[in-house]
Structure formats: structure tokens, C-alpha cells
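Visitor: Model the full structure from these sequences, guided by the hints.
Sequence order for the protein chains is A and B.
The first sequence begins at 10 in our numbering and counts up by one.
The second sequence begins at -11 in our numbering and counts up by one.
It is worth saying that the hints were derived from the structure and are not from the lab.
Mixed in with the good hints, there may be bad ones.
Said to hold, decoys possible - Some but not every residue of chain B turned toward chain A, in silico, with C-beta under 8 Å:
no., residue
1, K5
2, L6
3, V71
4, F72
5, T133
6, S137
7, F141
8, V142
9, V191
10, R193
11, Q194
12, V196
13, G198
Even for Gly, the Cβ is constructed at its ideal location relative to N, Cα and C.
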Amino acid sequence: MLHTTHFIPILRISYDMSGLDTLISKSIERTIKDNLGSQTFEKIEQRIFEKHGMPLSQAVQDFKKFDSVLKEFFGTGAAGIEKQILDKIVVMKETKNKEKNWITIEDQALIKLILESLGDEDKKNILNAVIDEPRIISDILELSNVPQTSGYRKVNNLIQVGMLIPHGYALTHDGKKVTKYKSVFENISIEIEKNRVTVKVLPTNESFAKSTVMQLVCP
Amino acid sequence: MFRLHKKINEEPVVPDKLKEKIDYKIFCVITVIVVAFQFYLNTFKSPDDQTVDFLASLIYSLTALIAAIAAFVISRRYWNSEVFGKSYLALAVGMMMNVLGEGIYYVLEQQSQVPSPSISDWASLSFYPLAFYHLTKNISFFKPTIRKSLKLFVILMPIVITSVYAFIQFGEEQAADTTFFLGLAYIVGGTVILSASILGAAVFRQGVLGVPWLILTLGIVLSTVGDVLYSYLDVYNLYTVQHPVNLLWSSGFLVIAYALYKHKKVI
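Guide: Here it is, written out as C-alpha cells:
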């Protein structure tokens, strides 16, 4: 007998998660809803939760779990839907330097999210403060000249959408461990051609390597 | 006390794998309904009796309407979604065109006009492209990797069935007239959607969605066999409204309605 579980999806950020996957999970949600409807998305989300005890956003980061649930519903069609979803989200661009993996974002909602983050002066300063090296939140706010009241809210928002990722710890003077954060992207390029905005991002090697979704797109 | 004890023992179990079973009782109920109705039609002595005409038309329209309503319910469930929403709406409209086609056929027959070939055929034939859109919209979204043998089968099947029919009918009538092409159109439409539905069932076969697609294929098989059989009967002037071929269409529509109910249940 199946039991019905009501739950509130939460976004847990841990060291195993890639900021890229967090960003992409939002696009997967939208792609499923747009093509197969909200009811289908809820069914998939509910099954992921009852089978693996995690929300979809987290299951995307453990792609095998997400894949297993899709297969339960769509059988061999799951492989097709995954490819379809990923094709809509990102297109990998070949570069001369193999180490640099520039990603062209195709998903309009994801583009909007990135542009909104960069359009906000405070958020842009926060991201600039951690683009080269990881820092603890108080240092980030100090370096970016963002007031603490709104600063914590904006940092949390960037963590939740996956633009900031945890990266190591720092010890405070009283011996407490405080998480350091780093930007998920090393570089972002925005091109505007006629009415089309193209956003290309260069993820850090670490976030790229940790992203199970990216490993699936470019094994 | 006893109740409390019982509740504690009833721990909810989350299944390792989702499963969906076909309820064969539904098929029995559908069979009993259509066969009983056919027996009732056969109690009338003459197939030209107006009541027989009316009842035969009524059961065809009613069963197609049930399938259309079921498809509308599904499309409303996924309203505005690109794949499920649009594809099920197309299927619903297609089923409604069957109802409309049958309605026009009946009216023309009552007015002693030629019911076929007529505008009723255009309405009925429009079911096929709409059903084909429904099937291909789903299949193309899930972009399956299809085995070569299956690909070959789904391409060859409509060609073989249509060629055999065309050869026999042409040999019988010795003329490629409107009736010939109309009969051919029904055969082509029926066999093409049958091929597509087999492909769909193969795509979803290992998932719970495979069950409704298998039932949908069965419904389309019944309906297509009905179309092919009707066309052959027409060649030899053997078709009457009391002919058992009517069973295939009615049961096909009801089976499709059951498939749509299953779809709603699983996802």
C-alpha cells in the first residue's frame, strides 16, 4: 500500500552538491512542468521523496536517483526526456583549451536568474568578492561594501539558487568552524544580438567536476 | 483496543518499483456490453429497419463520445503543457470528429442522400491525423532509441496491409474511383496510427506509463481491424448495420477510454 506524503521541498546545500546542479534543477522542474504539466511534476517529485527521501532538487544532483524514478514512470522514454531536458538547458561549446568548459545557457528562465543576480549591484559585488578565492560571509560583506542587514539575505539567496557554493572552512578566533563560499562561475559573458541575449558561463573546475548533470552531458 | 492494535501493524510500505496492473474485468465488462448490444440488434428481422440504424449509430457515437470525454479530461489535467496538454486535446478533438462523422452519416442516410462518400467521411477521416499527432507528439518528446527491427516493422506493416487491400479491391472493382480511394484512406489512416501506437507502447514498455499505452494500442488495434474488415466487407457488399464488425469499433473506443483512465491514474 502506498502512503501519501505531504512535504515541503527544501534546498539543502552541502559539500557534495554542485552549484551548477542546483541551478540546473530549477530548469529541469520548469521543463517537466512546461511539457508534461504540473501534475506530472508533482507525481515525479512525490515518488522521489517517498523512494529516496529527498526533494527533486537534491535528486537531480544524484542523477541516478532522478533517472531511476523517471524510468519507473516513462520506461525507456526516460533516456529521451533526460536528453531533451539537458539539451534545452545547456549547450557545450568546443574550446581550443580543453581545460576551460564554457557553457552556453539556453534556458530563458536560467538566463533571467543569472541576469537578475548580476543586475543587482550588491549581488554583483558579492559575486566579485568571491570569484578568485573562497571567503566567509562576514568577509564577503565587508569586501563588497554591502550592509549586513540586506547582505545576509542576498548571500543566502545566491546560495539557494546555486550561484555561491560552500568551499572549505575558516576558523574564527574562538575556534568555531565557519563555512567559506566561492562563486560557482569563474567568468560570465553576456552577448546581445538583436533581440537575443546569450549568456555564456565558465564554471570553476571544481563545480564542473562535482556536477553530475554536467558529467552526463559531457562524459 | 483491537482497532488500535490493527492500525499499528498496518505500516505503510513504499514499493521498490511502481507497478500498474491491467484490470481484465474491465475488458470482460466491455465485451459483455458490446456483445449484448449486438445480440439485441440482431433480434430485429431486417437490417433496413430504421430503429436498427438509429441504435447502431447511437452506440457508435456514444462509445466515441465516452473516449472523447476521457481524452478531454486528461488534456484538462495537463492544460497548457506542450506535450501532454496538446496531444491529448488533439486526441479528444479526433474522437469528437468520429462522433460528428457518424452524426452526419446518420442524418444523410435518413434524408435518403448518399451517406458515403460524403462530408461525413471527411469528418471521420480527420480522426487519423489528429490521433497521429497525439502519438508522434509523445513519441518525439521522449526521443526513444528504437531497434532497427521494430522500425522496419512499423514502416512495413501499413505498407503491406494497404497494398494487399488495394490489390484485392482494385481486382474486384477494376476502377480507381472515389470509393476505392476512400476505402484506401481509412486503411492507410488506421494502419499508420496502429504502427505509431505500437511504437509508443514500446517506448514506455518498462515504465508504468507502458500500461495505458499498451491498452491504447489494443483499442487502436480493435478499431483498425474494424476499419480493414469493413473495407473488405464493402468490397463484397456484405456490410449491414447488424454485422459484428460494429463490435470492434465500439469496443475499440471503450478500450481507448479505459487506457485514458489508466493514464490519469498513473501520472
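Visitor: Against each hint, give a clear statement of whether it holds in the structure.
Guide: Quick rundown of the hints versus the structure:
A distance limit of 8 Å between C-beta atoms decides the matter here; for K5/B the minimum to chain A is near 6 Å, and the interface restraint holds. Hint on L6/B holds. Least Cβ distance to chain A is approximately 5 Å, under the 8 Å limit. The beta carbon of V71/B is positioned within 8 Å of a beta carbon in chain A (closest approach about 4 Å), and the interface hint is therefore held. Given the 8 Å rule on beta carbons, the hint for F72/B holds: about 5 Å separates it from the nearest Cβ of chain A.
Contact between T133/B and chain A, as hinted, is supported at the beta carbon level, the nearest pair being about 7 Å apart and thus within 8 Å. This hint is violated: S137/B has a C-beta 15 Å from the nearest C-beta of chain A, more than the 8 Å allowed. About 16 Å separates the beta-carbon of F141/B from the nearest beta-carbon of chain A, more than 8 Å, and the hint is not met. The beta carbon of V142/B is not positioned within 8 Å of any beta carbon in chain A (closest approach about 15 Å), and the interface hint is therefore violated.
About 5 Å separates the beta-carbon of V191/B from the nearest beta-carbon of chain A, less than 8 Å, and the hint is met. Taken as an interface hint, R193/B checks out: its beta carbon lies about 5 Å from the nearest beta carbon of chain A, inside 8 Å. Hint status for Q194/B relative to chain A: holds, with the closest Cβ pair at about 4 Å, below 8 Å. At a threshold of 8 Å, the smallest CB-CB gap from V196/B to chain A is about 6 Å, leaving the interface hint in force.
With a cut of 8 Å, the hint placing G198/B at the interface with chain A holds, because the nearest CB-to-CB distance is about 5 Å.
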